[in-house]
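Trainee: Chain by chain, the residues:
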Amino acid sequence: MKTRYKKFKRGRWNRKIDVQDFIHSNYKPYEGCEEFLEPASQRTKKVWRKVCRLFEKERAMGGVLDIDTSVAGGIVSHKAGYIDRANELIVGLQSDKPLRRTIKPQGGFRLVERSCEAHGYKVSDSIKDIYLNHCMTHNDAVFSAYPEEIKKLRKLGIITGLPDNYARGRIIGDYRRVALYGIDKLIEEKQVDLAKLDDGPMDTKIIRLRLETAAQIKALNEMKEMGSLYGLDLGRPAESAREAIQWTYMGYLAAVKQADGAAMSLGNVTSFFDIYIERDLKNGNLMESGAQDLIDDFIIKLRMVRHLRPPEYDQIFAGSPTWVTMVLGGMATDGRTKVTKTDYRVLQSFHNLGPSPEPNITILHAQRLPLAWKKFVSKVAIETSSIQFENDDLMRPIAGDDYGISCCVSLLRMGSQMQFFGARCNLPKALLMALNEGRDEVYGEQVVPGIAPLRKRYLDYDDVHDNFIKVLSWLAEKYVQANNIIHNCHDRYYYESAQMALLDTDVERFMAFGVAGLSCVVDSLCAVRYAKVEVRRNRKGLTDSFRIKGDYPAFGNDDDRADNRASDLLINFITELRKHSIYRRANPTLSVLTITSNVLYGKKTGATPDGRNAGEPFAPGANPMYGREKNGALCSLNSISKLPYFAARDGISNTFSMVPAALGKNMEARADNLIKILDGYFSKGGHHININVLDREMLEDAMEHPEKYPQLTIRVSGYAVHFTMLSRQHQEDVLKRTFHSCF
Amino acid sequence: MSKVYGKIHSVETMGTRDGPGLRCVFFFAGCGFRCRFCHNPDTFTEKGSSRMSLENAIERLEPLLPYLRGGEGGITASGGEPTLQPDFLRGLFRLAHVLGLSTALDTNGTCEPSKRAGIIKYTDTVLLDIKASTSDLHKWLTGNGIERTLEFGRIIADMHAEKGRPRLVLRRVVLPGINNTAVEIAEFVKYIQSLAKMPPVELIPYHKMGVHKWEELGFHYTLADLEPPTSSCMKKFTGTLEEVGVRII
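Those protein sequence lines, which keep their order, are chains H and U.
Following the working numbering, the numbering of the first sequence begins with 15 at its first residue and continues without gaps.
Following the working numbering, the numbering of the second sequence begins with 270 at its first residue and continues without gaps.
Please note: incorrect hints may appear among the correct ones.
[Stated by the list, open to error] DEER-style ranges, computed between Cβ atoms:
(1) U:474 / H:724: 30 to 38 Å
(2) H:368 / U:516: 32 to 40 Å
(3) H:553 / U:478: 44 to 52 Å
(4) U:478 / H:411: 43 to 51 Å
(5) H:469 / U:328: 35 to 43 Å
(6) H:553 / U:322: 49 to 57 Å
(7) U:480 / H:714: 21 to 29 Å
(8) U:478 / H:53: 36 to 44 Å
(9) H:724 / U:478: 52 to 60 Å
(10) U:516 / H:546: 52 to 60 Å
(11) U:324 / H:53: 53 to 61 Å
(12) U:478 / H:518: 53 to 61 Å
[What the hints assert, rightly or not] Straight-line alpha carbon distances no greater than 27 Å define the calculated BS3-like cross-link-like pairs of lysine-lysine that follow:
(13) U:459 / U:408
(14) H:492 / H:169
(15) U:459 / H:750
(16) U:477 / H:644
(17) H:679 / U:504
(18) H:656 / H:484
(19) U:505 / H:750
(20) H:393 / H:698
(21) U:466 / H:679
(22) H:169 / H:618
(23) H:93 / H:136
(24) H:679 / H:644
(25) H:93 / H:199
(26) U:482 / H:644
(27) H:492 / H:165
(28) H:393 / U:504
(29) U:384 / H:679
(30) H:722 / H:393
(31) U:477 / H:679
(32) H:20 / H:30
(33) H:389 / H:42
(34) U:384 / U:466
(35) H:618 / H:166
(36) H:679 / H:393
(37) H:204 / H:232
(38) H:199 / H:210
(39) H:30 / H:42
(40) H:679 / U:505
Hints in this document: simulated from the structure, not taken from any laboratory.
Every value quoted in this text rests on a predicted model; they were computed, and no experiment measured them.
Glycine residues also receive a C-beta, built at the ideal position from the N, C-alpha and C atoms.
Sequences are here, hints too, so could you generate the full structure?
Mentor: Below is the structure:
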């Protein structure tokens, strides 16, 4: 046996690529408490201080420190970059200098040009010539293929945020494969896969797969080359804890050098790292302080990932997120906990370095997790407001115990699944088209054909409902069409060969659709059904405002009249989506998630029958509308927990904000109470929850004096952001949200 | 037996301040005291309350069970003064025990003596509010004598010493310059030491968040100038109690 695998228990993982089996055979669950953890070393502090100064400089320069406009970014486009070479344990930056962004014109040249110009940079003439005159980009391709109707849906904000003018992301490479097997072995395996495609009819499908596999092999070779720029021999497996983390990071780095997808998530790495750390601790090559040092340095690197974004992107996703989502905790399928000491170490980094949106920490929650872990995690969540929780008991039966979370809330099994990100559909606008003969409520443009006019002064529920169902059915078809076009073009012109090289060749695909404004639509339908809603129309005959007489049950009060409507709506929409033929036979899924886009979507949407005024934001994700939760925090959680995960498998996002005093008298009580809240919510079938424990006064102060709060982090739908980096409008939206308090 | 109904002002589904753990708090309507600093003056009378049967209570509690059950959580009866509705209170607590929830009674201790045993039987924790320890001040602050409150505390303390339950917690809302004077603290300590076993004490800093309710109700708020205690003021009170061995929670 080679020394690199010495002391590792052998198994299926030695015969084929199977990281999960390696973990199962070798990891050591940890059920103790956090006492063993070490503070930041002098080295960490020194490097982190340097990085913080760079962040300050970046902020002062309007969010972008530097752009290299001379070459297109790729795995080996730049030479090695360092922050502080002598003091770095884990090396590797996206370009030759820290925080220097690279351009990715394959996504779309005009977008890159606009992004550069917004920050005072000009793209080199040769790049411009190549990408304008000699090759097709993803963005060009999509818009050439779009039918007019889809362009209209996009322009009117009915289907928005589609990855047609930015990269789709959402793929999680199994970066651990680089460390466990070494790249030489991975290339060998891909060559075997390619050879399997040597015979047969050579139809379009097979040729496409051959081209893709060849591109993956090329990417693997480039990864090796990138490693050698840093003096690393990535061809062979990692031999120590430091190498395991370094090799894994190199896989991830290749991905973020090559692609600038909206979400470039990391997946599930802690139990894997822990096996190597445990081995080094045991054989005396590493001390606990050294282990923490490695993790701290790794986390610093993840916080330095940058992508160049066009200004309009920031309108949708405020605060320049990268979604380096990393999952911790959970249970193994054999009943052991998957919590290891390294899960603790990652959270300790949040103490050692201070909170930050990245990496986007996602705790996989299970009822049977060790109490010590639950308590530790709850405390970190309360102290930092930068953690989200997802229901492992709900996801493990579907995906096993080796899965990552893509972007915010989307489940993907490590190594064998990927998804086509499909943005979201603005449900309130769909409802308004149902009230306006299929016309857009703002401009009056005819969109959906065959929708009967509603002429009555008071809205009739059956009429409204019938029309709405028709609109949704029509919309689902267009929505699928748009995504089929986008992902076909993306695969062709902006293929993520580095990430796909670290997945099985025969990968399972999902197409992740989404909805925004769920609670707004549910409340609107309830208002029509249970109260009297008078329509006021403008001169064009479009709905202008609504007058509501009487009360109606609103979503978020544990009232089945509203909550069941929300469930029915999700089931209806996914059923409609499933009726259509989907690119590469991907399995359609649905999310109820907005991140910060609820503000922009709301802005584009007219007044709704629930009483929401034109232009006002929707609630984020699956949250109830602001101020309509009358029965307290737990009832609000209960409503959201009723939304059926089987219909919205891409995730149901809930952002839960509390003032500290409402959670308990002191830290001990608050942590205990948070555990009960999470256990209760998840036992009822809730899927996801962001936890914010914050004083409103502090947020108000941070709006006025951002310089005092450089690291203030809060959770928005499915993601964390630096509060001070949000636009004023987004900040106000956060402040307007329901903060649960009780006295 | 005829059906019992409670007159309930409101229900807080995620209480974290009245008793241990997460609790569903039932605010009973109606109180015999008229505390000058009360932050729930809207529970002085039954006006505006709603009628609740035990079936209604089950409907409210059932969806909350996963949050409240296990651990220390459960339900709290507060108000108002819950013991003014002894039959409903007893029924509610009994029901809570059937549902596997612990019970806490937030009371001023004026329970009608003949009803005490029935309620205590289903009570796990008594949170006894002692607004003041000297008789004159108590009368001035609450409009009522102190004797019954102290007697109630003594009975619970004796039961706890004898049977291990219910737990007793003494509570005091600290009104700076009013009920934290040297005399007040000394009397309070004397009472605590006189009990069978010294109960833990919870000191609650006075706050002004209930003042607007007085105005809305058209009542005159006589402590308008009173400010919340400073943290050093709270520390001083805490320190004095801890010196004599009282556990502060």
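Trainee: State for each hint whether it applies.
Mentor: Now the hints, each set against the structure:
1. U:474 / H:724: 30 to 38 Å: Check passed, 32 Å falls within 30 to 38 Å.
2. H:368 / U:516: 32 to 40 Å: At 35 Å between Cβs, range holds.
3. H:553 / U:478: 44 to 52 Å: 49 Å, holds
4. U:478 / H:411: 43 to 51 Å: Cβ of residue 478 of chain U to Cβ of residue 411 of chain H: about 46 Å, so the range 43 to 51 Å holds.
5. H:469 / U:328: 35 to 43 Å: At 41 Å between Cβs, range holds.
6. H:553 / U:322: 49 to 57 Å: Roughly 54 Å apart at Cβ, these two residues keep to the hinted range, so it holds.
7. U:480 / H:714: 21 to 29 Å: 22 Å, holds
8. U:478 / H:53: 36 to 44 Å: The hint (36 to 44 Å, Cβ to Cβ) holds, given that residue 478 of chain U and residue 53 of chain H are roughly 39 Å apart.
9. H:724 / U:478: 52 to 60 Å: 32 Å, violated
10. U:516 / H:546: 52 to 60 Å: 58 Å, holds
11. U:324 / H:53: 53 to 61 Å: 56 Å, holds
12. U:478 / H:518: 53 to 61 Å: With Cβ atoms ~59 Å apart, the hint holds.
13. U:459 / U:408: 19 Å, holds
14. H:492 / H:169: Measuring from Cα to Cα gives roughly 14 Å; hence the hint holds.
15. U:459 / H:750: Since the Cα atoms of residue 459 of chain U and residue 750 of chain H sit roughly 49 Å apart, the hinted pair is violated (cutoff 27 Å).
16. U:477 / H:644: 23 Å, holds
17. H:679 / U:504: Roughly 15 Å separates the two Cα atoms, so the pair holds.
18. H:656 / H:484: Holds, at about 25 Å.
19. U:505 / H:750: 38 Å, violated
20. H:393 / H:698: 23 Å, holds
21. U:466 / H:679: 25 Å, holds
22. H:169 / H:618: This hinted pair holds, its Cα atoms lying about 10 Å apart.
23. H:93 / H:136: Satisfied, since the Cα-Cα distance of roughly 22 Å is no more than 27 Å.
24. H:679 / H:644: Roughly 23 Å between the alpha carbons, so the hint for residue 679 of chain H and residue 644 of chain H holds.
25. H:93 / H:199: 25 Å, holds
26. U:482 / H:644: 19 Å, holds
27. H:492 / H:165: 10 Å, holds
28. H:393 / U:504: Cα-Cα ~25 Å, so holds.
29. U:384 / H:679: 32 Å, violated
30. H:722 / H:393: 23 Å, holds
31. U:477 / H:679: Holds: residue 477 of chain U and residue 679 of chain H sit about 18 Å apart, inside 27 Å.
32. H:20 / H:30: 18 Å, holds
33. H:389 / H:42: 20 Å, holds
34. U:384 / U:466: Given that 27 Å is the threshold and the Cα spacing comes to 24 Å, the pair holds.
35. H:618 / H:166: 14 Å, holds
36. H:679 / H:393: Holds, at roughly 14 Å.
37. H:204 / H:232: Holds, because 10 Å separates the two Cα atoms, which is no more than 27 Å.
38. H:199 / H:210: Holds, at about 17 Å.
39. H:30 / H:42: 22 Å, holds
40. H:679 / U:505: 19 Å, holds
Of the numbered hints given earlier, the model fails hints 9, 15, 19 and 29; all others are met.
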